[in-house]
Amino acid sequence: MIPELDISDTSAVRMVSSRQQYVMSRPVYSEDSFAEDHERIQRKQKTLLDHGKDYLTSCDAKRAKRTLLSFLPVIGWLRTYRVREWLLGDVVSGVSTGLVAIMQGLAFSLLASLPVSYGLYTAFFPVLTYFFLGTSRHISIGSFPVLSLMIGAVVTRLVPEEGPHANITDFEGLSQDQRRVLVASSVTFLMGIFQLSMGILQVGFIVVYLSDTLVSGFTTAAAVHILVSQLKFVLGLSVPGFSGPLSIIYTLESIFVQITSTNMCDLVMSIVIMVVVFIVKELNDRYKPKLPVPVPIEVIMTIIACAVSYSFNFDERYNVDVVGRMISGYESPISPSVAIFQESAVEAFSIAMVGFAVAFSVAKVYSIKHDYTIDGNQELVAFGVSNIFGASFRSFAASTALSRTAVQESSGGKTQVAGLISAMMAMIVTVALGFLLEPLPRSVLGALVIVNLKGMLMQFREIVYLWWRDKPECVVWVATCLGAILLGLDLGLALGLGVELLTVIFRAQFPRCSTLASIPGTDLYRDRKDYEQTFEPKGVKIFRIPSPIFFANIEFIKTKLVEAVGFNPLRVLRKRNKLIRKIKKQLQKKDKDITEKGIMDLFYTSPDGFKVMMEELDLPSDLRDLPFRVNWNAELPSDISAPRVDLHSLILDFSAVSFLDISALKGLKSALKEFIRIQVDVYIVSCDAFILEKLHSCMFFDDEILTSMFFPTLHDAMLHVYEKQRHGQSKAWVVRNSSLDLFPAYIFPTPVV
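Here my numbering is used: the sequence shown runs in plain steps of one and ends on residue 1234.
Note that these hints are calculated values from the structure, not bench results.
Distance windows between CB atoms, simulated:
{"no.": "1", "residue 1": "R798", "residue 2": "M905", "range": "32 to 42 Å"}
{"no.": "2", "residue 1": "S884", "residue 2": "P721", "range": "25 to 35 Å"}
{"no.": "3", "residue 1": "Q1014", "residue 2": "I1143", "range": "34 to 44 Å"}
Keeping only pairs whose Cα atoms sit at most 25 Å apart, straight-line, the calculated DSS-like set for lysine-lysine is:
{"no.": "4", "residue 1": "K543", "residue 2": "K527"}
{"no.": "5", "residue 1": "K1154", "residue 2": "K1019"}
{"no.": "6", "residue 1": "K850", "residue 2": "K771"}
{"no.": "7", "residue 1": "K1010", "residue 2": "K952"}
{"no.": "8", "residue 1": "K1175", "residue 2": "K1147"}
{"no.": "9", "residue 1": "K845", "residue 2": "K769"}
In this text, a Cβ means the ideal position worked out from N, Cα and C, and glycines have one as well.
Whole structure, please, built from the sequences with the hints as guidance.
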């Protein structure tokens, strides 16, 4: 149907005339008739044994090569490496990224409550293994502030700054710093085991349970924790480390108690560095297209701060806390502590999940931008091996950081050769230049950490966006953020996951069911509340179920179905059965010459009444003994309590139903039978073939529920209903007893078959 148009509006005329038209002439199909005309191929379902045989018998050189390339992706991209085009960009990118990685490694080691030297280890060892095993060509591997803070929470809990440490035998004979390094490396080692195990078991999909909303709320809360944890360095205060629920409150309380003891030299230096770094970063972003390489302002300010601190002897003159002795070179490998595994298994799993989720999200962004694929399971293997290898050499949890990865990509990096060069720079500083960083004030590192939190803290703006777009997602964001701030990152992540799963359950358990109506002039059906010009055929109700049907939502769907049709079919059936039983009982007492008054008496409630089992009322009564039938939709006497049902056909749209479990199948079957038993024709349309197979295998069909009720499309079912009603209304009833002429309008004679 083409709407009326203003002829002067030539653009509208062209738009309508350009629309393609289609005309289709075919029979009206039910699922049964469609199966008769179109034979379906019977596919054999393979068992696990069949898959195993195929896997073992299909081994050849080509498959072995493919397996090797999947396990060592470096072979694939190195073969096509364009030395002339890519090498210079990778070198420049590696140098730029290395400078940032060194500064972030030093700064983020403070978050992990470790000596700053070990931040350089994290910028070196994990990169080496990811170079060979990783599938992303652009992400920069190294420390990440959220993971560093989560590691620091475990370190502080097991080795507090004040008070006794945890009762772990492996701590014997170690200094406090050595104990903390052992805790951090052991937790990282266990984190790597979790990631490697998930990669080998091909369960990379588990990361989908960490939605973007949850990760955003979680990282925002982590940014708040990081900000609070760095205040003691910026202010030059001695604040003990707190862990567990409300630790951020206790930390703030301790800071405000000592606020009058602030070291003004630390504070002024931190403010100057934050302002300068912030301004230059903003200029880098604004003039990014014109700059070949972003200005490495963190490195410049670090060099200036080191020079000023060394020249004016800040350590002794102003009592400024400096980095101090830097470890030159690399220490021998260490073995992890099994006792620490037992104390930190929950935190290690959380760190593994968050680290992989963040890294995979960043890697996916750049893989789409540069048109190559990444493998989630191989990424788990790569990060697992990288963290295990790094932890053996005293590094802590490695992932990626968006800011560092942006530097690597924007400065011309094409492959992980840039990452390898950045690792070499970290090695040079560790082996030869570390002593130059010894006079660096810790407040400078704290200021650099805080100024790099801008991106994560700006995520608070998402609350308004989510509130107007998707309120359940807003609840997930707020619950995750508040939970992680107040309860700690580990418990906050668990709370966020719980709230997120509850929102999924809520959406699935309470789906937005709708009643559809026809769009005039088309074979389209839409929600009647969404359009003004719709047509609802009299006596037909189209009910759409927009979600899977399972044990948790079947009762809700049945309730919504009753609301849509306007009556409860089971109650209607019971009331009708009661009236039919009264009729039969009165017929046994009355004379066979039934008059209109006699029929009226049949519907009066007898003084003594009669009792009947509810189970019997749920089944249709046998009407063969009656010489007439009752028209339940006619105007019945006021004394007769029989609900009127104007519905003759109910169509259930299953186009959005993806699965159906056994419990829901039983509930659906009982609901359909309730409508069928009150003479309402039920049809199911657009049912998935897999669900149809399951209905057959679960003995869903019987004498009442037939396969002829199923139609491939909604329009097929509607045409069938129109045709059936047209023929049904033309049927004539043959009266076999003249005395029935006196029956009122609600009594029909029994038809002669």
